[in-house]
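J.: Residue strings, one per chain:
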Amino acid sequence: MWFKKFLGVFVALGLVLAACSTPGTSPSSEASDGASQPASEAPDVEQVLRVDLGGEPPTLDPTQATDSQSINVLRSITRPLAYYDENLEVVPGLAESWEISEDGQTITFTLKDGIQYSDGTPITADDFVFSWKRLIDPREAAGYSYIMADVVGGEDLLGVDTETATDEDIEALLDAFGVSAPDESTFVVELARPAAYFVYIATSWTTVPQQEGFSFAEADGYVSSGPMKLVEWEHNAQIVLEPNENWTAGPAPTIERIEMAMIQDPAASLAAYEAGEIDIAGVPTQEISRIQGDPELSDQVLQGDVLSIYYFGFDLKDPEGPFTNSVLLRQAFNEAVDKETMIATTFAGLGTPANSLVPPGMPGAQDFELYPYDPEKAKADFDQALADLGIAAGDLGLEVGFNTDANHEDKVAFLQEQWRQAFGIDVTPVGLEWGAYLERLESDPFDIFRLGWGADYPHPNNFLTDLISCSSGNNNMGYCNEEVDALLQEAAVAPTLEEQVPLYNQAQEMVMADAPIIPLRMGSRFTLVKPWIQNLVATAQDSNTGELFYDQVSVAAHE
Amino acid sequence: MANRTGALEAPAAAAERRSASLWGDAFRRLLRNRLAVLGGLFVLLFIFVAIFGSFIAPYDYREQDLAAVVAAGGPVGPWVGPHILGTDNLGRDLLSRIMDGARISMIVALVVQAVVLFIGVPVGAAAAWFGGRLDTLLMRFTDIVYAFPDLLFIILLSTALRETVFGRALDGLLVVFVAIGLTAWVGMARLVRGQLLSLKETEFVEAARAIGVSDFKIVTRHLLPNASGPMIVAVTLGIPGAILAEATLAFIGLGAQEPRASWGKLVFDGQAFLRSEPHLVLFPALAVAIALISFTFLGDGLRDALDPKLKGKQ
Amino acid sequence: MLGYIVRRVLWIVPVLFFVSVITFVLMRATPSGPFDSFGAGRIAAPGVVAQLERKYGLDKPPHEQYLRWVGNLLIGDLGPSYKYRDRTVNDIVGDGIWVTVHLGVMAFALSVIVGIPLGVIAALRHNGVPDYLATFISVLGIATPSFVLSILLLVFFAVTVRWFPSYGWQTPAHWVLPTIALAGFPIAQIARYTRASMLEVTRKDYVRTAHSKGLKERSVVSIHMIRNALIPVVTILGPIFAFLVTGSFIIETIFSVPGIGRYFVLSIAQRDYGVIMAMVMLFAVTIAVMNLVVDVLYAYIDPRIRYS
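Top line first, the protein sequences correspond to chains Z, Y and S. Quick note: the first sequence, position 85, residue 85 per our numbering, numbers continuous. Quick note: the second sequence, position 131, residue 131 per our numbering, numbers continuous. Quick note: the third sequence, position 298, residue 298 per our numbering, numbers continuous.
Since the hints were derived computationally from the structure, they do not count as laboratory data. Beta carbons are placed, not taken as given, at the ideal position from N, Cα and C, and that holds for glycine. A portion of the hints provided could be inaccurate.
[To be verified] Just so you have them, the derived chain S footprint on chain Z, three or more residues with Cβ under 8 Å: (1) 232-241; (2) 254-266; (3) 544-551.
[What the hints assert, rightly or not] If you only want the chain S side, here are some residues facing chain Y, beta carbon under 7 Å, derived: (4) Val139; (5) Ala143; (6) Ile268; (7) Asn291; (8) Asp302; (9) Arg304.
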């Protein structure tokens, strides 16, 4: 009788968090080694790929999609202007080519010939004008609208006060928005400032073509622009994709059917894999040692980098805060952490120690090991910092915040003990449910708090400007260094990646020297793939292994 | 039929007189029940560990043997080294953490059950005895509490109250008691009411009334003891419930926070290791199960001991 | 009795009113809203949050929002889902509710069929081997968290011996494991209460009277004892039924059952206000009705119980 409807759920939130994907604990992704032997499929084998989305997609409306489940499906059933190859280089998607003007402020995309939606309607440049405007239309209030900020008129639309703005005002701003279609196959983007990374924005699932009146709620009537089409969407049960017969923008799918289960619990997903009911499954951190010790399953492991970082930030917003006023103190807290051991114990050895922001697998990733583990130096720096601040160690009273929905307790306990041993102080862990945690971060930040970041697109801009620049909404530290911002802007104007990378790295090194965060671990995937699944290409951008190229998978004969 | 009133008879004075020897008899009967004695000893052991756990534990509950974990490639298993029950993935001694966890878990289990009895029994008894409008109001109130969204309430508590005196009292445990206890009493109230509705129509109640025994005495001396079996079950079953519910709260930032342990939290944190390192969930769950079984045997024994009719019956 | 039932049914309205007000207030007082973050922990731009709140009327004064919710409820509209943007709460509830009820009824039947005999046997062989065995089973059922029980069932029956599928709800084979997992706790609970109330009854004299009259043990058990032992059991069966037919977050999540039980927790984590209200209301109605059923059953079990 004790178990109440809501309280009695015990593990409850623990499973919810699994939905807020944490690398390694949920089906997560990475690079291609193994598991993609050359195809030798017997033609009579049913070409069916069975994967697990990890839950019901909140929406299949590309404009509104923000969750990994939604994105996983959209990768197959929609296609943007540009896409990736297996090395995450940008390659043509629905566009055949694009041209960037001398001043870097105009990008002209030329669409491929004869491309059509799954219902046979031609895809034209107007469809991109429509969908791009829809993405930034304040009335749509899309989560990812900010990626359009660099387009002419973008800032104005993002800043619209919908309380006072009328429909006419918004329409006028949308008319002035810098996207146009001079003819059916030419789509032109005018940028307010040069943004060399902008072609990466054109790879986003949020920028795929749409026409007015598309409905996204059910499989029936869903119009697809990608290599696969949605044929069945049984809510909370499964999604089924089949090849889009009108797909001409790329190689024809080799797979004949993709069945996407919605198993929310990672342990249950792994069990379904072991039971032979799905072909690809992520392995929860806690089960990695078991899989490694299993002679059969250990042969089916696919590992690689994931573009994500796990870090703890310092509160630099509080003008009186010890961390705000002492770089040395922040550095001391960095030096006192043994990241190798932390990964070995709390991440089952999966992932690489993080000493920068941009993760391996991203162009220009570089390791800056400014604060190697050195508890003695840490203690000296700590004492010095406190002396400078004029605070006694006992008066610090530090709170370490974390969200309780994704296995962070052991990481916090690890850090707590490291700092206790190095400095002789006890920090107070404060675990809150995600929403309450978020509210505290905004209203009354903890001294130190856990956060993570995963790539929206594989370009350093996404890990620097979008995360740590003064104006970034995701910069919870309140860290602001004008010099860093200036370098980031300079990088954004540099035309080639080769020219951008040194600038980004200079900025990164500067950030690391300021130590606004303790970077801990770069993401990594540990996925099981059935041996008969061939040509599966995993990239560091995938949140579900292989999701970018499911359509090119083939199935070899088995049992 | 006639001898029924004989059994439950009891003019007030006789009842007074009898109660002293009744308790003495009951205690002697309890001591003869080996399982009940065993259960009682275990309960005493748990209470002892709850009080002195951190002094007698082999290790400090928060000491991390990281080197051992790195060497073993994961949590150290049981029976293989100095850690009898193994360690968690931070190399913390599981036995020491279970001993440390006994404190919070025992307090939560006992206090919550006390709150449940304290609210549930009077509400249920009053509803049944007085009936009518009071019954309707009290029982509609329990319907509301049943449907009360406690998770929301607790999330709210975890943020709104944590900085207040109330939120910090007893290391934040007071909030836990209140949160679990205030919503867990409804089952007890309905159980008591259901039994009393039936019992209050029996002849002995009429007889007792006729000879002027007060309502309060009829209810507390005659009706409630006759309903004690299911009540004891509710209390004993509520114990693991409260222990595990505390983990849900710990999870939302109330109750045991790192590096402190509680049984519920250990079970909760160990669950994900079920297939790879089962000792991490097995031993804490075993502690909960043994607590449940001890309280159950003790409770069953108490009930039997309080029931003279079962004397000598096997 | 009919008048009593009618009055009790009418009482459900004020109960729902209070539950809805309490839930609404708690929900809106709980920190953070449905739009403050998106994806895997991205923080939404303040402009976007404001736009969405305006779009869904969350910027209006709370009492206005509540009244609008009540107004819509009266015409059967539970409102939009903030998390599943293209779907309404009616869609979500409509899709899953019958799966959840189906699972709940099966688990309830299993709990009663196993739990009551287990309790009766334990009581009849009081302090004998069957009693200890039944106690042992009950303790296992109660002390094993449902997550652990579910995973153990999954690993053994779906992975090791492969008798049943590991996820989904398509065929009767899919129903087996979730039903057993969901029934685990109530079986134990029912067995314990049945045993306790049976023992309570054995000390009542009419049972001995029946014995002394030479009635065979079996008929003594069936006619007198069980009937009188029913009251506490019926009392707990009401809420157990209500809990089971409204679903379980853990069971539905682990076995991927497409029901609504998962939304009791998910909706709160997601601050999906419309879904929260719908779930709480649904449960409130079920519990109120079940407690009414229990009270009516009392009068049939024990004709001395009368409601004025």
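J.: Enumerate the violated hints, using their earlier numbering and listing them in ascending order.
T.: 3
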